[in-house]
Amino acid sequence: MRPGEGLVHFLRAAYARAYVRMVGSFREPVWLITDAILPPVGMCAFVLLYRALGAPPSFEALAVLGGILSAFWINVLWGMGTQLYWEKQQGQLQLYFVSPVSRMAILTGMAVGGMLATTIRSLVGIALGFGLLGVRVPAFDVGMLALVFVVSMLALYALGMILSSAFLLFGREAWHVSNALQEPVYFMSGLYFPLRTLGASAWALAGIVPLGFGVDAMRQVLLGKDARGLAPVEVETAILAGLAVIFLIGARLALAHLERLSKQEGRLAQRWQ
Amino acid sequence: MVALAGVDVRIERGEIFGLLGPNGAGKTTFIKILTTLLFPTSGEARVVGFDVVRDSQEVRRRIGLVSGGESSGYGILTVRECLWMFAQYYGVPSRIAWPRADELIAVVGLEEQAHSRINRLSTGQRQRMNFARAFVSDPEVLFLDEPTLGMDVNAARKLREYVAHWVREREGRTVLLTTHYMAEAEQLCDRVAIIDRGQVLACDSTPALRRQVQGGQHVELEVRVAGPELDLVLLSGVHAVWGAPHPDRGTRALKFRLPPGEVLGEVLRRLESQQVQVDSVSTRETTLEDVFIAIVGRGLEDTEVPS
Chain A
1 MRPGEGLVHF LRAAYARAYV RMVGSFREPV WLITDAILPP VGMCAFVLLY RALGAPPSFE
61 ALAVLGGILS AFWINVLWGM GTQLYWEKQQ GQLQLYFVSP VSRMAILTGM AVGGMLATTI
121 RSLVGIALGF GLLGVRVPAF DVGMLALVFV VSMLALYALG MILSSAFLLF GREAWHVSNA
181 LQEPVYFMSG LYFPLRTLGA SAWALAGIVP LGFGVDAMRQ VLLGKDARGL APVEVETAIL
241 AGLAVIFLIG ARLALAHLER LSKQEGRLAQ RWQ
Chain B
274 MVALAGVDVR IERGEIFGLL GPNGAGKTTF IKILTTLLFP TSGEARVVGF DVVRDSQEVR
334 RRIGLVSGGE SSGYGILTVR ECLWMFAQYY GVPSRIAWPR ADELIAVVGL EEQAHSRINR
394 LSTGQRQRMN FARAFVSDPE VLFLDEPTLG MDVNAARKLR EYVAHWVRER EGRTVLLTTH
454 YMAEAEQLCD RVAIIDRGQV LACDSTPALR RQVQGGQHVE LEVRVAGPEL DLVLLSGVHA
514 VWGAPHPDRG TRALKFRLPP GEVLGEVLRR LESQQVQVDS VSTRETTLED VFIAIVGRGL
574 EDTEVPS
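Residue numbers (our numbering), protein chains in the order written: chain A, 1 to 273; chain B, 274 to 580.
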């Protein structure tokens, strides 16, 4: 293999897998409704509730941001976590294992495709929150927001990569566990309220999924002190970057373990086994 | 449980090699090992000179796999996009992958469906697409595991012709085929290995295998019996197997080879004495199925007559 050929192959494969996600998002009208329009409904409810209670305007912005980011968590949980399990059920996983493609390229493609598709879908939430409901935020550092967003997404989707291997290893049980965790994670991540409200335990809770630190840091960039942040933005961003690295390494190890198991026992790659 | 034991097979470059065996014989395990999906617990296997365990990545670059009845691809993609996507997984540049996808779509006769979403294809069309998928990387070795399962007769024939053409036209291309259709193996394969209970019982060209069981007559009777199966006594040295029951006529096929010197009339008389009514009698040339029955003791979907 020529130098750089491996990287080109990796990028081609990741692009092809991301393409499925991107195209899929716009070819199925039902998905547009369930993935883009329904998730911001809860967000609107929180904004209207804070408004009715006469809460400071920053609370409304806080709820809008939480609502937008919840779409990413749903995507990670169901679009990433369950994916390899479904690939196995379809008989697709076997074809990945037979091909020379890097397994990390497949996961990267799933993550990038899911992230981009969800970002586009989240425009609906932005339009609803900042457009229709008229929620306002003060001037903020766009570059910093972009940085925190990208690092948060890296950590979040790297967690999704680990989940996808875990789902496959434990099959339906992990699927049920994840199903049961969806709402608690919303709570633990403080999607609709400042995480600091939970007190000292907030640190531990926020560390479970990167969403908590991500939401908190982005709120601080948008709202400053009004965001009632848990820790300085720089600290939270550094923690998120660390989590991203740990999760990526974890995902690679989990996938290698999975493939080894599959070859030893011959039961993970095919849907009837 | 031992799935394969002492299998020692060498498949030459440019060969179409068939693997015949009943369910559970070890065919899929054999293919799984060669396609790097399963570690052998002992022994070694090489594909294009590369060890399937140590050099699995080199092996994967050179192989393609089609399993009958698989539903690969994402329903949301079109046939053309799906073939392109798999080409990307093999590192084929898009400028080569798109024209190759179009070429293969024509080969499998899916031109009208090229821009249709996969989830709108019929089972047979999807199977044809899966077949095309295996060729997008232009593999050196192609593993076809029951590739024509679920296809109509014409489509299956066209694909067999394409496989033969592909091996002939491209030097050094090799195919390993497993199939339940004896005629498919007979038509396509240069050599056939008969495998049962994890062991290769015979391995040779089909004419050579036929010669092993030539002599005498291959007889197929259509009979009516009182029970589902009977412990029939035919003649010593005559080994018979039951075919599947006829769905409408309520009869069953009874197949056996009558050794030279024996007379069919004697067999018929013995059957009559055992209250077995014979509706029809046919004799024919030795087929691969006869060879299979002679070696394994039963047909692919038959049951053995207890002796």
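Heads up, a few of these hints could be off.
Stated by the list, open to error - Not everything, but these chain B residues come out facing chain A in the computed CB check (under 7 Å):
{"no.": "1", "residue": "Leu310"}
{"no.": "2", "residue": "Arg327"}
{"no.": "3", "residue": "Gln330"}
{"no.": "4", "residue": "Ile391"}
To be verified - Covered stretches of chain A (chain B as the covering partner; in silico rule of three or more C-beta atoms under 8 Å from a C-beta of chain B):
{"no.": "5", "region": "51-63"}
{"no.": "6", "region": "70-80"}
{"no.": "7", "region": "110-119"}
{"no.": "8", "region": "250-259"}
Hints in this document: simulated from the structure, not taken from any laboratory. These figures come from a predicted structure and were not determined experimentally. Glycine residues also receive a C-beta, built at the ideal position from the N, C-alpha and C atoms.
Hint-by-hint comparison with the structure:
Hint on leucine 310 of chain B holds. Least Cβ distance to chain A is approximately 6 Å, under the 7 Å limit. At about 13 Å, the closest approach between the beta carbon of arginine 327 of chain B and any beta carbon in chain A exceeds 7 Å, and the interface hint on this residue is violated. A least Cβ separation of about 6 Å between glutamine 330 of chain B and chain A falls short of the 7 Å threshold, and the interface hint therefore holds. With 7 Å as the threshold, the beta carbon of isoleucine 391 of chain B stays out of range of chain A, its nearest partner Cβ sitting at about 11 Å, so the hint is violated.
Here the region 51-63 of chain A counts 0 residues with a CB under 8 Å from a CB of chain B, which misses the bar of 3, and the coverage is violated. With 0 residues carrying a beta carbon less than 8 Å from a beta carbon of chain B, the region 70-80 of chain A misses the three-residue requirement, and the given coverage is violated. Only residues whose beta carbon comes within less than 8 Å of a beta carbon in chain B count, and the region 110-119 of chain A has 0; fewer than three means the coverage is violated. With 0 residues having a Cβ less than 8 Å from any Cβ of chain B, the region 250-259 of chain A misses the three-residue criterion, and the hint is violated.
When the structure is compared with the earlier hints, violations turn up for hints 2, 4, 5, 6, 7 and 8 and for no others.
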